[in-house]
Amino acid sequence: MTNLYVPKLTTIKSIVTENGANDIKTFELVFKDDNDLNEFKYIPGQFAELTIFGKGECPIGIASSPTESGSLKFTVKKMGTVTAALHNLDVGSTVGIRGPLGNSWPVEAMKEKNIVIVGGGFAFSTLRSLIEYLIADEYRSYYKDITVIYGNRSKSEVLYKSDLERWQQRNDINVVLTLDRAEDGWNGKVGFVAPIVKEVAPSSENAIAVICGPPIMIKTSIPELEALQFTDEQILSSLEMRMKCGVGKCGRCNVGNKFVCADGPIFSRAELKQMPGEY
Amino acid sequence: MTIQAQNDDIVNNVKDIAKRLLEEGSVDLIIGYTKGTIPLKAPPFFVKKPEDVERLTWDNLGYTNLAKYLLVKRKKKIEDKEVDLKVGIIAKGCVGRAIVQLAVEKQLKRENVMIIGFPCNGLIDTKRIEKELSGKEILNASVQNDEIIVKGKDFEKIYPFEEYTMALCKTCKNRTPLVLDVLAGENNNTTVMDDFFDVTTMEAQTPEQKWEHINGVLGDCIRCNACRQACPVCYCNLCFVDQNKPIWFDKTFDRADIFVFHLIRSLHLAGRCVSCGACYGACPVGIDLNVLNRKLEKLAKERFDFVAGTNIETLPPMMAFKMDDSQEFMVEE
Amino acid sequence: MNEKILLKEKISDVFDALKGENDIIAPVKTDWGIEFRQIENPEDIALDYLNSKVPPKAIWLPKVETLYEYEIDGKDVKIKTPPEKLGKKVIVLGIRPCDAHSIKILDTFFKQGSFEDDLFQKRKENLSFIGLGCNSPRETCFCTSVAGSPFNKQDVDVFLTDLGEKYLVETISDNGEALIQQLPWLEDSSEADIELAKEQERLAEDSIKTQVNLENTSKLLDNNFYNAVWDEISATCLGCGSCSFFCPTCHCFDVIDENDYANHRGRRIRVWDTCQSPLFTLQTSGYNPRTSQKERCRQRLEHKFCYYPENYGIVGCVGCGRCIAYCPVNNDVRDIIAKVNNIEPRTEEAGKT
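Residue numbers (the numbering used here), protein chains in the order written: chain A, 1215 to 1493; chain B, 196 to 528; chain C, 496 to 848.
Hints are computed from structural coordinates only; laboratory data are not their basis. What you are looking at is a predicted structure, and each value in this text was computed from that prediction instead of being measured. Certain hints may be false.
As the list claims (entries may be wrong) - In silico DSSO-like cross-links for lysine-lysine, where the CA-CA straight-line distance does not exceed 27 Å:
hint : chain 1 : residue 1 : chain 2 : residue 2
1    : A       : Lys1255   : C       : Lys573
2    : B       : Lys446    : A       : Lys1269
3    : B       : Lys490    : B       : Lys405
4    : A       : Lys1292   : B       : Lys446
5    : B       : Lys230    : C       : Lys704
6    : C       : Lys570    : A       : Lys1239
7    : A       : Lys1255   : C       : Lys606
8    : B       : Lys244    : C       : Lys789
9    : B       : Lys326    : C       : Lys524
10   : B       : Lys346    : C       : Lys524
11   : A       : Lys1239   : C       : Lys573
12   : C       : Lys789    : B       : Lys272
13   : C       : Lys575    : A       : Lys1255
14   : B       : Lys331    : C       : Lys661
15   : C       : Lys505    : B       : Lys331
16   : C       : Lys834    : B       : Lys268
17   : A       : Lys1246   : C       : Lys575
18   : A       : Lys1227   : C       : Lys570
19   : A       : Lys1487   : C       : Lys714
What the hints assert, rightly or not - A short list of chain C residues far from chain B (calculated; beta carbon distances all over 10 Å):
hint : residue
20   : Gly515
21   : Tyr563
22   : Gly608
Where a beta carbon is used, it is the ideal one built from N, C-alpha and C, also for glycine.
Given only the sequences and the hints, what does the whole structure look like? Please build it.
The structure is reproduced here in structure tokens:
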């Protein structure tokens, strides 16, 4: 009966440390009950509330794509009590999960369009989900050109290194990686994300741009997209807000007449402009 | 002088001074009390324009400790530089004490505050009156001569003023601020020492009686934190209630959680509480646990000869250490 | 629907007749005011009251509610949902029309979206309301300004009108009909009774002095989010949250894990919370989009009088006036709406982001 607030149980199957500072890890979770797995149908961009029993719950974007069946991946940075507790868990530990929650990247509306994906830092996790979905065998033909621009402060902070390598080897997706500063052994571009967006200059014609990253990156990159004639309806972003219930009932994430956990977290720039600046 | 006459005096003096200060530019803002939209309320009121001083009142209903509003940094721009606003506070004794305590604790700059002290003649215990009226609606209330006259749709009740003042006002020895800049009236402080009779009465009770009293008083707490929000010396950026590293206790309405909140908050106020009763005034369910704070005030006086908010030079006991401080709790003396 | 008469001295008979399958909740006198409590002894029922301090929302939105319990066993976890006590039916006797209406507003909110809050729904399904018309609305009441009235009968199952020594009993819903059938000893009413009841209704509506004009408020609130009027409105607000706790339509809650570390178990609960708390929107990074009391004060008012109308077409307020009565600094919502209504019309608000 209390399905809304009771988590399903999963086991940690694998843990991958994503960065040199050792505070970002990707957890692969497997449902204990197969029924739960079958019911968990999600679309890239959605998130789930992860419960660390004995500590609490936190909302994390789903990093895996629904095309990667059998397990779910979450990339989590150690920030507070709950995420720190998650980082202390081993393979085999139990994690609760409630989801999928929130709206998603509009993969239907994106069909027949060129997709531009701009990401920075560790906000890339739901972008990974989107990319894997778009290039999956059963879906790739629906989408036109896919351009990915992904920036980081340093090489050790780049997430999903093996996935990036795999994508770069494909010829149906253009992956441009950049670092803030040059480093030994780095073959990609050097520069902040905003000037790289300008340089790559993806066309805004029949395109949708998806942007996720630290506030400063978003603040500087959006003008570049606007200069390329991207309209407010063409630019999408994923919002972060303090959340508790994750299902639009507790009122915490209410901004304007929207609930970030239920009406979002993905909003177009046009929608964001309608909302008061309380996010 | 009757209470009513005293109040008229106070209000006239306060208005004159407030107007003058605003006109001269000695202050940018004056904070006092004004008439409420419903009976028995006198909300805080911010005056920026001299003509608005007409709305300032004093009718024994100003529960809010106005010093609380000094915790907000207020600035103005003078030729591109940001400068602190000078704020005038219409201060009864306990408000003055709170300002001094905050100055000593470095939460405000004394030079930015103009303490306009006045001789307070006590606050009406409106919660007691409401309780005795058992939910009947009060349509009109006033103090005439020395009586509180309360009228409703089909009743009129008269309460003797002295008896129906707040408990803390009855034991108050500090009605006019000791530290002030301007005095609106005549100092009405008594030289009678505080005998802490309210505290000694409870000290004489058995533990069971004390437990029953506190239990009874705290029974209705809804953990709204109004007491904390209203208290001028509660200003922690992250209150112990809200900490989650570690979580000290839970946010439920369990007896244990309610107790812990009130007892620890009292302890955090040890030697700092100025007995203004703003907590009681703000509490929507009328909890008055000030006997605990008074007990701690008694201890501060006995052991450290300290009374909060009476001297701008002296550090409170929890902020200073003297070689002859009492150590009987850990050393045999 | 035949109107019946219930003599006041027979209230305990009503209690005895209905208590079998139901929990009866009614106003009782407590030390500090009228409260809605579960009745064990019908002598405690105090229907001669204006309104309770705490609204009866604690009946359908408990102050503390256990969502589930868990036990940790090494790396494994067992989850237990608490035993359902929700099966028992609840009759709220003597509820005022404003409080009865509040559950409709809450229902509109909890129903929307892709998830339905079954805890709330289950409690709501088990509720019956025997409403009581307000012969003497308070000075602070303004239900008529928010699509309500002191004799609004739409949201209850049975409606009582106080006629002095007796109540006129009107059956409103099928559920109400079922209740009335358990009271076959109710007397018949007379024309005079019905006339008197109508008279009470007329007097009551006329006596509501406060009119709050909400015609343009939603639009004004939408267009003036950054207006300086908010500095004035929020200047004295202490952020205590009393307004939220006493409001029948405030529903925000906190979800907390209570952990019994020593025994490797715990429970997840939800408790009443308020957007007035500084912690409400504080993020783990330390960033807080609502940094000061001004933003938080604004949020509550915008939510009730702007976002609710925008999302659901109704105002999120029943005009009960409790926030006016219990605000420690007398922030009066009627004055606040008037201030908003008086904002000078201006051209397009400069950039919102």
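Results for each hint:
1. A:Lys1255 to C:Lys573: holds (24 Å)
2. B:Lys446 to A:Lys1269: Within the cut-off at roughly 15 Å; holds.
3. B:Lys490 to B:Lys405: holds (13 Å)
4. A:Lys1292 to B:Lys446: holds (25 Å)
5. B:Lys230 to C:Lys704: Holds, because 19 Å separates the two Cα atoms, which is no more than 27 Å.
6. C:Lys570 to A:Lys1239: holds (19 Å)
7. A:Lys1255 to C:Lys606: holds (22 Å)
8. B:Lys244 to C:Lys789: Holds: lysine 244 (chain B) and lysine 789 (chain C) sit about 22 Å apart, inside 27 Å.
9. B:Lys326 to C:Lys524: holds (10 Å)
10. B:Lys346 to C:Lys524: holds (21 Å)
11. A:Lys1239 to C:Lys573: Holds, because 26 Å separates the two Cα atoms, which is no more than 27 Å.
12. C:Lys789 to B:Lys272: Roughly 21 Å separates the two Cα atoms, so the pair holds.
13. C:Lys575 to A:Lys1255: holds (25 Å)
14. B:Lys331 to C:Lys661: holds (21 Å)
15. C:Lys505 to B:Lys331: Holds - the C-alpha atoms of lysine 331 (chain B) and lysine 505 (chain C) are around 24 Å apart, at most 27 Å.
16. C:Lys834 to B:Lys268: Distance ~25 Å between lysine 834 (chain C) and lysine 268 (chain B) Cα, so the pair holds.
17. A:Lys1246 to C:Lys575: Since the Cα atoms of lysine 1246 (chain A) and lysine 575 (chain C) sit roughly 16 Å apart, the hinted pair holds (cutoff 27 Å).
18. A:Lys1227 to C:Lys570: holds (13 Å)
19. A:Lys1487 to C:Lys714: The hint holds at about 17 Å.
20. Gly515: The assertion about glycine 515 (chain C) holds, with a minimum of 30 Å to chain B.
21. Tyr563: holds (16 Å)
22. Gly608: holds (26 Å)
Comparing the model with each numbered hint stated earlier shows that all of them hold.
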